[in-house]
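*Asks:* Sequence:
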Amino acid sequence: METNELLKKVRKIEIKTRGLSRNIFAGEYHSAFKGRGMAFSEVREYEFGDDIRDIDWNVTARYARPYIKVFEEERELTVMLMIDVSGSKDFGSIHMMKNEMTTEIAATLAFSAIQNNDKIGVIFFSDKIEKFIPPQKGRKHILYIIRELLDFQPENRNTNISQALKYLTNVIKKRCTTFLISDFIDKGNYADALTIANRKHDVVAIQVYDRRETELPAVGLIKMKDAETGEERWIDSSSASIRRMYGNWWNRRQEEMSQSFKKCRVDAVSVRTEDDYVKSLLALFHKRN
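Numbering (the numbering used here), first residue to last: 109 to 397.
None of these hints come from the bench; they were simulated from the model.
Careful: at least some of the hints might be erroneous.
What the hints assert, rightly or not - Simulated crosslink set (DSBU-like; lysine-lysine; CA at most 35 Å straight-line): (1) Lys295 with Lys281; (2) Lys245 with Lys333; (3) Lys177 with Lys236; (4) Lys239 with Lys177; (5) Lys370 with Lys333; (6) Lys308 with Lys116; (7) Lys295 with Lys236; (8) Lys282 with Lys124; (9) Lys117 with Lys248; (10) Lys245 with Lys308; (11) Lys177 with Lys331; (12) Lys124 with Lys227; (13) Lys282 with Lys248; (14) Lys120 with Lys227; (15) Lys248 with Lys227; (16) Lys333 with Lys177; (17) Lys245 with Lys331; (18) Lys227 with Lys308; (19) Lys387 with Lys177; (20) Lys371 with Lys227; (21) Lys308 with Lys370; (22) Lys236 with Lys308; (23) Lys282 with Lys308; (24) Lys295 with Lys177; (25) Lys236 with Lys116.
All of these numbers come straight from a predicted model, not from anything done at the bench.
Using the sequences and the accompanying hints, generate a full structural model.
*Replies:* As structure tokens, this is what we get:
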């Protein structure tokens, strides 16, 4: 993308998403994600009714009487955006491509984070880790992230969510809030990695998909191409049975995904490219309050 064109797009995204995060999301984001981490503050003498699991045994031994650790809510969070940049993101049929909606959602969340004085970082992934942007604060950092969201070109086109989650678990040592933004078209099983990641961090799943992925239009013989593998196949979409089979496949896939999120205790929301993602994100935030 040409530099001037990219800068114009960055500015356009900034104006829209910063306004949304300031006017709509500020309070909702704060109440949904603030105060979920606990940081050690001080020690004090044990009092009747205190949780014995909080006893600081080193201090207790030093003073020969029981002391407990006092914790307070962390006022600063680290937020990680995990962005699926595999081949299937380059699809959209009505108002917006999936990657365009992903960019707007990610930018809105990023501006919401820095307004709450949180650090923000990004992991771009396909079937490998394409790029890691360490968490930082500030508008300059956010604009850099938006530029990457708009212009990043991955090396690979397949998807491996499990590998990306394992990388998150290994590279981010301190507990963080993680937004996993993907269409979740992954032939592998990511449930175990998601469970482990969500035990260490606070993982939130955001599925971005297009209506045309949910059903086949009856337009006769069409060539279908797998955006990730490049495999092509001719399909007779005028066949009611083929359309029904495809619809059943999509519904089954969505149900399996939803069950995985529920089993892993991960909050999730699905957003179509033609939908108002503001309403979807607000619904997600309200669910967490």
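*Asks:* Does each hint hold? Answer for all of them.
*Replies:* For each hint, the structure was consulted:
no.: 1; hint: Lys295 with Lys281; verdict: holds (28 Å)
no.: 2; hint: Lys245 with Lys333; verdict: violated (41 Å)
no.: 3; hint: Lys177 with Lys236; verdict: violated (41 Å)
no.: 4; hint: Lys239 with Lys177; verdict: violated (39 Å)
no.: 5; hint: Lys370 with Lys333; verdict: holds (31 Å)
no.: 6; hint: Lys308 with Lys116; verdict: violated (38 Å)
no.: 7; hint: Lys295 with Lys236; verdict: holds (14 Å)
no.: 8; hint: Lys282 with Lys124; verdict: holds (31 Å)
no.: 9; hint: Lys117 with Lys248; verdict: holds (15 Å)
no.: 10; hint: Lys245 with Lys308; verdict: holds (22 Å)
no.: 11; hint: Lys177 with Lys331; verdict: violated (64 Å)
no.: 12; hint: Lys124 with Lys227; verdict: holds (21 Å)
no.: 13; hint: Lys282 with Lys248; verdict: holds (23 Å)
no.: 14; hint: Lys120 with Lys227; verdict: holds (23 Å)
no.: 15; hint: Lys248 with Lys227; verdict: holds (12 Å)
no.: 16; hint: Lys333 with Lys177; verdict: violated (58 Å)
no.: 17; hint: Lys245 with Lys331; verdict: violated (46 Å)
no.: 18; hint: Lys227 with Lys308; verdict: holds (18 Å)
no.: 19; hint: Lys387 with Lys177; verdict: violated (41 Å)
no.: 20; hint: Lys371 with Lys227; verdict: holds (29 Å)
no.: 21; hint: Lys308 with Lys370; verdict: holds (17 Å)
no.: 22; hint: Lys236 with Lys308; verdict: holds (21 Å)
no.: 23; hint: Lys282 with Lys308; verdict: holds (8 Å)
no.: 24; hint: Lys295 with Lys177; verdict: violated (46 Å)
no.: 25; hint: Lys236 with Lys116; verdict: holds (30 Å)
Checked against the numbered hints given earlier, this structure breaks hints 2, 3, 4, 6, 11, 16, 17, 19, 24; the rest are met.
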